[in-house]
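**Student:** Sequence:
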Amino acid sequence: MMSLMAALLETYDFALDRGLVDNPELSPSGLTLLPVYHSSRVSGNEDIFELTIDKNSNAIDGRFLDKGEIVVFPITENSITRSGSKVAPHAISDELSYLSKEIDAEKNEAYLKGIEELMEFEKRYNYPNFRILAEYIKKNRILEDFLKFHLRGQEYTFDKEKKRLNYSEIGTDGKAKKKTIDLKKVFITFKLEKELSGDITLTRDIGMHNFYIKYVREKNSNSKELSYCDITGKLDYCIERHRGLIGNAKLISISNHKETYYGRIKDGKDIYRISYEASQKVHNMLKYLIENKNHCSYIGENAYLINWLSQDLEKGGLELLSDIDDVEYDDFEDFDDEDEESMALLGGEVSASLKKYFLGQRSEFSSERDFHVLIIEKISNGRIAIKYYRKLSRSEAYKRVMDWYKSTSWKFYNYKLQKAINKSPIPYEIVNFIYGQENSKGFLSCENKKLQRSTIERLIPCIIDGQRLPKDISRTAFHKLTKKLSYKNSWNTALSIGCALIKKQKYDYENSLINVDEISEVKKLQESISFHYGRLMAIFEKIELDAVSRRGGDAQNKRGTSQRITNSDRLWNAIIRTPSRTRFVLESKIKPYLNMLKKNNYGLYVYYDKLITEITLKLIEIEKRSAKKTGSLNEDFILGYYYQKNAFYEKKDKGEETAVSSN
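Just so we're aligned: the sequence shown equals residues 1 to 663 in the numbering used here.
It is worth saying that the hints were derived from the structure and are not from the lab.
Note that the coordinates shown come from a computational prediction; the quantities given were computed from them, not determined experimentally.
Check each hint, because a few of them may be wrong.
When the alpha-carbon atoms are kept at most 27 Å apart in a straight line, the in silico DSS-like pairs for lysine-lysine are as follows [as the list claims (entries may be wrong)]:
id	residue 1	residue 2
1	Lys-610	Lys-599
2	Lys-406	Lys-355
3	Lys-610	Lys-524
4	Lys-224	Lys-234
Derived CB-CB ranges, DEER-like [as the list claims (entries may be wrong)]:
id	residue 1	residue 2	range
5	Lys-86	Lys-219	19 to 27 Å
6	Val-585	Thr-476	24 to 32 Å
7	Ser-380	Ser-580	53 to 61 Å
For glycine and all other residues, C-beta sits at the position ideal for the given N, C-alpha and C.
Can you build the whole structure from these sequences, using the hints too?
**Tutor:** In structure tokens:
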């Protein structure tokens, strides 16, 4: 926990030194890494109203912000954690329940008291923008001005008991529609009219932000209750209550149950002490990472995967849950020392992309600086749990992620590009294959979101920590592929994902790295009965499909794959369980199709007959050496099937007949 807090603090301070804090240019959506003692809010549908104030402290205009606009505003130690009936106003911008005495006199009194304290501080600090705004707020007519500029003279009624505004609005169809606004919840922010420059909003007024930061720091430094912060090690003003990050759910909270602290610790605040400013930096940093889609991915069931580079916040996070080739990098340059052919392999394109991401090209980026990966989960309305956290040097992170991609890369057919490409299955694809089913659209989908989230949490350590693939996942991969008939449209995808996981299993537990283009050269596979049975299965399947297609009876789906259920498909599971017996059954069923090829395409018949004879002799040789009866087949069967099937559809050397494309 404390290592994560220190990492977030370090990242925030690095961003602060580089001018990335309070800088909306950091994110294209205007999302800002907040300055300390400030928070933000995103406009929904008529919930944030902006009043424009002139130099004479008069409201001259107002509007509801467009949906998606972000406002930044100062907060207090109590206001950021307020809930229920607790009275704790924000410093300047707040809901009308605080800004209007007609709605809630008690809250309004507390709000104005805070403004008066800021005005006393401004006499010494001298910031005109705040003085103009404060003079307007002191008039205490914000509700009146809201009604004036929102309704523009329209008739309305005010429900004093429920604090609701009722009026009619003319719609686009020209008809009047009744509208109701809960005035207590309308959030008010401000804009100052400037004569010699553009108007400035409270959100963009960095001078106002710095004014408020200085006010809080002075107030905290004068506190009589100073103690040492466990993160910074400095004597400072420490707090017990911390802001929420996902709604009101908090990363740091104190239990209300006193029995929690029986023993050496007498009170919740004795567990750890964090200064107000350190807490603000840590929480603002994590809030930014959660809200920024370049750093955060939602993995289901209120869980989020977050990653970032401590020295290069602008670059965003690594796409751990997406294809690595989807990551875009600024000023990406060609690597001239790599030829085009090698760049098409995993060790080319992916390696170059990852290397550029982790190590950068600018001298100030050190490979020894840190890469952070975090999984958090909202476990209740008030609590956030840290499910996983790792800090690695950039060079170590690069090696481990590359190791994952190398050990799981396989050929996948890309229907957009109309060709097979080498890639690593992303965690979502793995989950959908392992625990999902083929849906009505023909895609693999896992409907159990809790299982999806928990499995991704198990896969992340395999990528980041270099942990071995859990055996139950590789076993399930083989089990899923034994049920070929359950895949009507997604068999090729399932096969590629399954092969990638089998490859990973062999890499992790047998120290064997299989190259998808060199499967037949792996010695252990050449001596595997299961591997050669898989090859036979692919040949039997191809014989039947070729015989039928040449007779004009093979229907194709929209992806160009065969819709025919072959005898190989029907006996797929049986041959895995009882290979010797099922093989003879299958050979008898394939014989009519071989005779059809012998009659219609003798060259193809000879080609398949030679392959079958070659594999049969190899099986006899292996069985003699093993001197034991062949039992059920293992995952090598899948690799053998894939190898032989892929060999049929690879480009043949010039002059050699190309096999007919089918399933």
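**Student:** Indicate, hint by hint, whether the structure satisfies it.
**Tutor:** Checked hints:
| no. | hint | in the structure |
| --- | --- | --- |
| 1 | Lys-610 with Lys-599 | holds (17 Å) |
| 2 | Lys-406 with Lys-355 | holds (14 Å) |
| 3 | Lys-610 with Lys-524 | holds (23 Å) |
| 4 | Lys-224 with Lys-234 | holds (15 Å) |
| 5 | Lys-86 with Lys-219: 19 to 27 Å | holds (20 Å) |
| 6 | Val-585 with Thr-476: 24 to 32 Å | holds (28 Å) |
| 7 | Ser-380 with Ser-580: 53 to 61 Å | holds (57 Å) |
Going down the numbered hints, you'll see the structure goes against none, and every one checks out.
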